[in-house]
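Peer 1: Take the sequences, apply the hints, and build the full model.
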Amino acid sequence: MTGIRLTAPAPGWAIDADVVVVGSGVAGLTTALRCAAAGLATVVVTKARLDDGSTRWAQGGIAAALGEGDTPEQHLDDTLVAGAGLCDETAVRTLVTEGPDAVRRLIDTGAHFDTTDTGAIALTREGGHHRRRIAHAGGDATGAEISRALVGAVRSAALRTIENALVLDLLTDAEGRTEGVTLHVMGEGQHDGVGAVHAPAVVLATGGMGQVFSATTNPPVSTGDGVALALRAGAEVSDLEFVQFHPTVLFLGADSEGQQPLVSEAVRGEGAHLVDASGTRFMLGQHELAELAPRDIVAKAITRQMHLQGTEHMYLDARHFGAAMWEQRFPTILAACRAHGIDPVTQPVPVAPAAHYASGGVRTDLRGRTTVPGLYACGEVACTGVHGANRLASNSLLEGLVFAERIAADIVDGPRADPGTASGHPAVVNPAGTHTVPLLTAESRTAIQRIMTRGAGVIRSAGSLATAAEELEALQRAAAAADEDGPKDAVPGVEAWEATNLLLVSRVLVAAAREREETRGCHWREDRPDRDDAAWRRHLVVRIAPDRQPFVSSTDSAAFPPVRPRDPADPTDTALSAGLPNHPADAPEEP
Numbered sequence: 018m019t020g021i022r023l024t025a026p027a028p029g030w031a032i033d034a035d036v037v038v039v040g041s042g043v044a045g046l047t048t049a050l051r052c053a054a055a056g057l058a059t060v061v062v063t064k065a066r067l068d069d070g071s072t073r074w075a076q077g078g079i080a081a082a083l084g085e086g087d088t089p090e091q092h093l094d095d096t097l098v099a100g101a102g103l104c105d106e107t108a109v110r111t112l113v114t115e116g117p118d119a120v121r122r123l124i125d126t127g128a129h130f131d132t133t134d135t136g137a138i139a140l141t142r143e144g145g146h147h148r149r150r151i152a153h154a155g156g157d158a159t160g161a162e163i164s165r166a167l168v169g170a171v172r173s174a175a176l177r178t179i180e181n182a183l184v185l186d187l188l189t190d191a192e193g194r195t196e197g198v199t200l201h202v203m204g205e206g207q208h209d210g211v212g213a214v215h216a217p218a219v220v221l222a223t224g225g226m227g228q229v230f231s232a233t234t235n236p237p238v239s240t241g242d243g244v245a246l247a248l249r250a251g252a253e254v255s256d257l258e259f260v261q262f263h264p265t266v267l268f269l270g271a272d273s274e275g276q277q278p279l280v281s282e283a284v285r286g287e288g289a290h291l292v293d294a295s296g297t298r299f300m301l302g303q304h305e306l307a308e309l310a311p312r313d314i315v316a317k318a319i320t321r322q323m324h325l326q327g328t329e330h331m332y333l334d335a336r337h338f339g340a341a342m343w344e345q346r347f348p349t350i351l352a353a354c355r356a357h358g359i360d361p362v363t364q365p366v367p368v369a370p371a372a373h374y375a376s377g378g379v380r381t382d383l384r385g386r387t388t389v390p391g392l393y394a395c396g397e398v399a400c401t402g403v404h405g406a407n408r409l410a411s412n413s414l415l416e417g418l419v420f421a422e423r424i425a426a427d428i429v430d431g432p433r434a435d436p437g438t439a440s441g442h443p444a445v446v447n448p449a450g451t452h453t454v455p456l457l458t459a460e461s462r463t464a465i466q467r468i469m470t471r472g473a474g475v476i477r478s479a480g481s482l483a484t485a486a487e488e489l490e491a492l493q494r495a496a497a498a499a500d501e502d503g504p505k506d507a508v509p510g511v512e513a514w515e516a517t518n519l520l521l522v523s524r525v526l527v528a529a530a531r532e533r534e535e536t537r538g539c540h541w542r543e544d545r546p547d548r549d550d551a552a553w554r555r556h557l558v559v560r561i562a563p564d565r566q567p568f569v570s571s572t573d574s575a576a577f578p579p580v581r582p583r584d585p586a587d588p589t590d591t592a593l594s595a596g597l598p599n600h601p602a603d604a605p606e607e608p
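Residue numbers (this note's numbering): 18 to 608.
To be clear, the hints were calculated from the coordinates, so they are not data collected in a lab. Hints are not guaranteed to be accurate.
Calculated lysine to aspartate or glutamate pairs in the EDC-like style (CA-CA distance at most 16 angstroms, straight line) [stated by the list, open to error]:
1. Lys-317 x Glu-543
2. Lys-317 x Asp-547
3. Lys-317 x Glu-329
4. Lys-317 x Glu-535
5. Lys-317 x Asp-293
6. Lys-317 x Asp-544
Simulated restraints on C-beta separations [said to hold, decoys possible]:
7. Ala-54 x Ala-483: 49 to 59 angstroms
8. Gly-136 x Gln-91: 19 to 29 angstroms
9. Ala-175 x Arg-122: 19 to 29 angstroms
Ideal Cβ placement from N, Cα and C applies to all residues, glycine included.
Peer 2: Okay, structure coming up:
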């Protein structure tokens, strides 16, 4: 336990459950449905409406070896290649072998995928896949269909849900075991203000942290809340330096910020070409799969061409599709392009990389367990070892499905406590030794995003990362000084809590990126352009020390060691047999 919590009012209400699931995407709702079906009192907490998470924005589809001639072994091989030597092979094998049946169970839940004339699931290709194995729905609306089916199942099962609720911190007992969460309901849910859900099992399925950067495909709710909560609770996170920048995001101008329209990789899977302003295809000769190379390779190639030619974007040319194919296969993308004055039927689409997916997150084992007893993580918030240094396209929805089922099985098979028997009622919200994090003002969010985009974006260096670390620490110091001197500029509330979460995950991301002195997957160090397997084919693991500084350690190999609780009396206990010395990240001391 770190003894670190957000500054927030004490809970004014509480409910009891066997398990609380935080998040309502594919990972969270699948976990909740499986737990509820086993008879567990299950509560779903979600930051917006049930269908407003990242899952609904997934255009491409879900990858699984469902087609004739395809096998889990081939899916495994493609995943390992994309992960650039850092995938945990056991985790990947779990994903690809259990994946096909998990997709079939999703269909049984009510999800409808596009089919061929013969009634078989229609499959397409995306970057890094050597076979057609991507199932899609509504052409390019796969996530929306999966979300529709799961939300419908949750409502049919009458699961208890708390919408418009921002999770704040983990509740724990004196031994550090999970006892629930505190949360703030934003005016339209079942309760108003800060409350608590008491449960011996908490599942984080909060999605990503794309709002760390100025331009992202992630929705506004993706502020890294789950990772920040886990860090404050003493959990380990891993691989945060590997942020995948989607190579083909609709370019809306150099000053565009916030969520940007995605142009799915499936467009390239169907034969679109990446070209420069003169119409020259620049991916030919750079990779055997050309435009269908893994995302990190394509994003780097686009960025490189932009720098060489002094331009702000490249183009995706799919005019040869014709109007009928655009309207039938990619109606969502077609509408988004036309809404911004671009007609891909007659024009090349301007594209540039933008932050898309966090390959890293809260470190878990194959049952979704974190290093904090009773705390689980699933989906983009988790780091299972599946994605390595770069996620293979459309593996994310599958990971959410497979590991959600594994988490539910672990909770169901574990010791059962009666709801409400946990000792963690309001008395443990601020136990002895707890100190609160100084809150940032709402305006700090934009400052963090710009710092991260400049210093830790697609291309990084020792200099850019050092500058980013210094600027982030300056924000931390300013918040601490304002907290001590008063009157406070930042008052507890959603915008302040989100900005504070963004600062924490940004500091940890930068600490890991500074440590990894190589280029691998979607971590591109221009001052260290080569991949170095001898020194760096291992994971970096970060936790927050009681002084609120990131503490970085390393695994011995690409495989994750077992999770286990830490010694709370030893801030240097990393539960790892480290190949590198454990050390606090370079940073000024806290005032």
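Peer 1: Are the hints correct? Go through all of them and say.
Peer 2: We went through each hint and held it up to the structure:
1. Lys-317 x Glu-543: Given pair Lys-317, Glu-543 holds - Cα atoms ~11 angstroms apart, limit 16 angstroms.
2. Lys-317 x Asp-547: Holds, at roughly 14 angstroms.
3. Lys-317 x Glu-329: Holds. Lys-317 to Glu-329 sits at ~14 angstroms (cutoff 16 angstroms).
4. Lys-317 x Glu-535: holds (15 angstroms)
5. Lys-317 x Asp-293: This hinted pair holds, its Cα atoms lying about 14 angstroms apart.
6. Lys-317 x Asp-544: Judged against 16 angstroms, a Cα distance of about 15 angstroms means the pair holds.
7. Ala-54 x Ala-483: 49 to 59 angstroms: holds (51 angstroms)
8. Gly-136 x Gln-91: 19 to 29 angstroms: Once the Cβ atoms are compared, 24 angstroms apart, the range 19 to 29 angstroms for Gln-91 and Gly-136 holds.
9. Ala-175 x Arg-122: 19 to 29 angstroms: holds (20 angstroms)
Hint violations for this structure: none, all hints satisfied.
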